[in-house]
Amino acid sequence: MGIYLDHQATSPMPLAVREAYLEALEVVGNPSALHQGGRSARALLEGARERVAALVGAHPVEVVFTSGGTEAINTALKGSVWAHHRTHGPASHTAIAATLAEHHATLDAINWLREQEGTHWREVVVNSDAVMDVSSLEHVLSAGDITVVTTLLANNEVGSRQPVESIVALSKAKNVPVHVDAVSAFGYHSVNFRELGADLMSLSAHKVGGPVGTGALLISRTAKDMQALHHGGNQQRSRSGTMDAAGAIAFATALEVRALDREQGQDRLMALRDRLWEGLLAVAPQCVVRGSHDERLPGNLHLTVPGCTGDVLLYLLDEHGIHASTGSACQAGVAEPSHVLLAMGVPAEEAWGAIRLTLSYTTTAEDVERVISVFPDVVERATKAGLAMKARR
Amino acid sequence: MGVKVLAAMSGGVDSAVATARAVEAGHEVVGVHLALSRAPGTLRTGSRGCCTIEDSMDARRVADMLGIPFYVWDFSERFAQDVVQDFIDEYSEGRTPNPCMRCNQHIKFDAVMERGLALGFDAIATGHYAAVTEGPGGKELHRAATWAKDQSYVLGVLTTEQLEHCYFPLGATPSKDEVRAEAASRGFFVAEKPDSHDICFIPDGDTRGWLAERVGAEKGAVLDTAGDVVGSHQGAHAFTVGQRKGLALGYPAADGKPRFVLEIRPKTNEVVVGPKEALALSELAGSQMSFAGPNPVESGYANAAPGDDFGCEEFACHVQVRAHSDPVPARARISDGELIIRMDAPLLGVSPGQSAVLYVGTRVVGQCTIDRTVSALAPLHA
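Those sequence lines, one after another, are chains A and B. First residue of the first sequence? That's 1 in the working numbering, and the numbers climb one at a time after it. First residue of the second sequence? That's 394 in the working numbering, and the numbers climb one at a time after it.
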């Protein structure tokens, strides 16, 4: 394998996780079954739930395993609106406060709710670092009609940490629940659900080295009933369907490995990221680092390269064996300028040249130096291709 | 020795096999799918159309099976401007354009090639059925081994520079069946995928309806060659030169013979009809020309015209005016910046806007977009 710098897309599964996963797969039994096998599986599942809960500062009953981050986010937002409808009637007014720089799982779920449930989107402004403007949230909350506030813990593209403590405090003061999308950030920031005081929080296992297809929605004891999937009423009625004991075990193990890595390697990770930052700007000073410089995810470096397009930069890095990302979603593989950069006020022309390099605890100093050494060639050729494209516009 | 090849992958069977052959030939291949539509359909609808999301998934699957990198390049803006808008404009002018040629000319072998070369690729591979050979004066473009699948006509717009970087791995394949069999043996599930037909940006195939929405349909007069009104129509764009059906003229011609569309006059929204003989053309000419490889003088086909820097005297060739029409014997010359083609026998129903591609034997010499035609009946019918 080449140099993997796309940890915020998915992070490799450590050996300890693979071993725990395989061992758990040997247990035969539906955790809901009453026989011995079922009990064994349930013991694994509930043990995993306790371990995950302990690592994120939640009570086990607050941990609802899902198929991943997208499901967790959809359940949180749709569940909040439907819970409101159950209490106040199906035609009752609902509104979600969110910025335009949220993850597409959030944006698309809100858009769906607008179309299907008549939910209003109350836009909260972000600043030029993609950080939520707290005074804008205060203004939005002052209307008194918000059903739920949703925010990222840190932006998944540019890595800027959000003022979640203030967001929660302001919302609580107005009695409005808060959902925190911690999917891309919780592997790099320790999270304490109870201390934070949020009502809902979405997590995904594969972002921290667990398996794809496993995640969790944390639902505080005081939050309303979240119901999105219906069949049998497992997991506090929030998430029906056969429960994945092995996935939960792998998730719990991955979180434990990650917590240890974070404890021991956070400074090293930040030093590597800063070296990459400094090294790339030294060889290509025209690049612009996007997102907050001080309050950002330790492994995240996001930059735009003037006159280049992200897909071409990716191709050229890939040619050198470097796995990177533009950070933004694509439609059938067609690159689009990042909605996060556009929300930050970056002109579309510049937004096309985005590239996100995300490091993790397995990244080495050699990896970083190698990227710096090939970067001039990559930028030179991408600029040439960009000029060729521009000349014919 | 392998070179760096950018393989254009539509998601169809031809480009899949072409890409596989390029990989097998030892080249360093990267696949690219061109997103040309602004609002691609999610799934294929029948055999028509292309550039759907499903097509891009099909292309990606083949690239993954071949173990090569794959990218989707968005050329929808250029396509909308240089191909779709050109198509509308040409019809508005009463001409009959060939959008596939425009796409080859402006997108595949121009914008894509330029971007590819800038990225360090040596060649662009496509699934076209045509052959590039090394002649005494440099690269030459030839018909494919099987004329039934030959696509050299739509490649007639290639220039010498572009030809240098073209790679058509299917050029020597005896039949489409063989390509499908090869795709099946390679495990490509696109082996049985239907061919795309017609115009990719008009997926339902209703060109008239599509144009009516964009050009606007206004009632106008149908005239005979004498200028007398013989009927009316619902929009001149709905007709093409040579068309017989759908004229809906109330009464027969004086001589009782069927009438054909001879000319479309978009400025006055008039359609001129007349007898079949009046469709016969003796000459075609156009000033927008290009040569694929050495020009006629360099190739030794023609003598340079004295006193005309770019001109040449008449030379024997064949001219083809549609992708699947037969080539006919002709004599061509270049004079005053115009390629003038005189057919040995009259040619029926050719419209300005079509491309006249010249062949000598199997070799594509060059082409022009037809600006004016000369009737075989009247001495001057511009």
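Hints were generated in silico from the structure; no laboratory data involved. Treat the numbers as computed from the prediction; the structure is a model and nothing was measured. Don't take every hint at face value.
[Stated by the list, open to error] Facing chain A, from chain B, some residues (calculated, C-beta under 7 Å):
| id | residue |
| --- | --- |
| 1 | R488 |
| 2 | E507 |
| 3 | A511 |
| 4 | L512 |
| 5 | P699 |
| 6 | F703 |
[What the hints assert, rightly or not] Calculated cross-link-like contacts (lysine-lysine; reagent style DSSO-like; alpha-carbon spacing at most 30 Å):
| id | chain 1 | residue 1 | chain 2 | residue 2 |
| --- | --- | --- | --- | --- |
| 7 | B | K612 | B | K586 |
| 8 | A | K174 | A | K224 |
| 9 | B | K612 | A | K384 |
| 10 | A | K384 | B | K532 |
| 11 | B | K650 | B | K638 |
| 12 | B | K612 | B | K532 |
Heads up, the beta-carbon is just placed ideally off N, CA and C, and yes, glycines get one too.
Each hint, compared with the structure:
{"no.": "1", "hint": "R488", "in the structure": "violated, 24 Å"}
{"no.": "2", "hint": "E507", "in the structure": "holds, 5 Å"}
{"no.": "3", "hint": "A511", "in the structure": "holds, 4 Å"}
{"no.": "4", "hint": "L512", "in the structure": "holds, 5 Å"}
{"no.": "5", "hint": "P699", "in the structure": "violated, 38 Å"}
{"no.": "6", "hint": "F703", "in the structure": "violated, 25 Å"}
{"no.": "7", "hint": "K612(B) x K586(B)", "in the structure": "violated, 41 Å"}
{"no.": "8", "hint": "K174(A) x K224(A)", "in the structure": "holds, 16 Å"}
{"no.": "9", "hint": "K612(B) x K384(A)", "in the structure": "violated, 51 Å"}
{"no.": "10", "hint": "K384(A) x K532(B)", "in the structure": "holds, 27 Å"}
{"no.": "11", "hint": "K650(B) x K638(B)", "in the structure": "holds, 13 Å"}
{"no.": "12", "hint": "K612(B) x K532(B)", "in the structure": "violated, 50 Å"}
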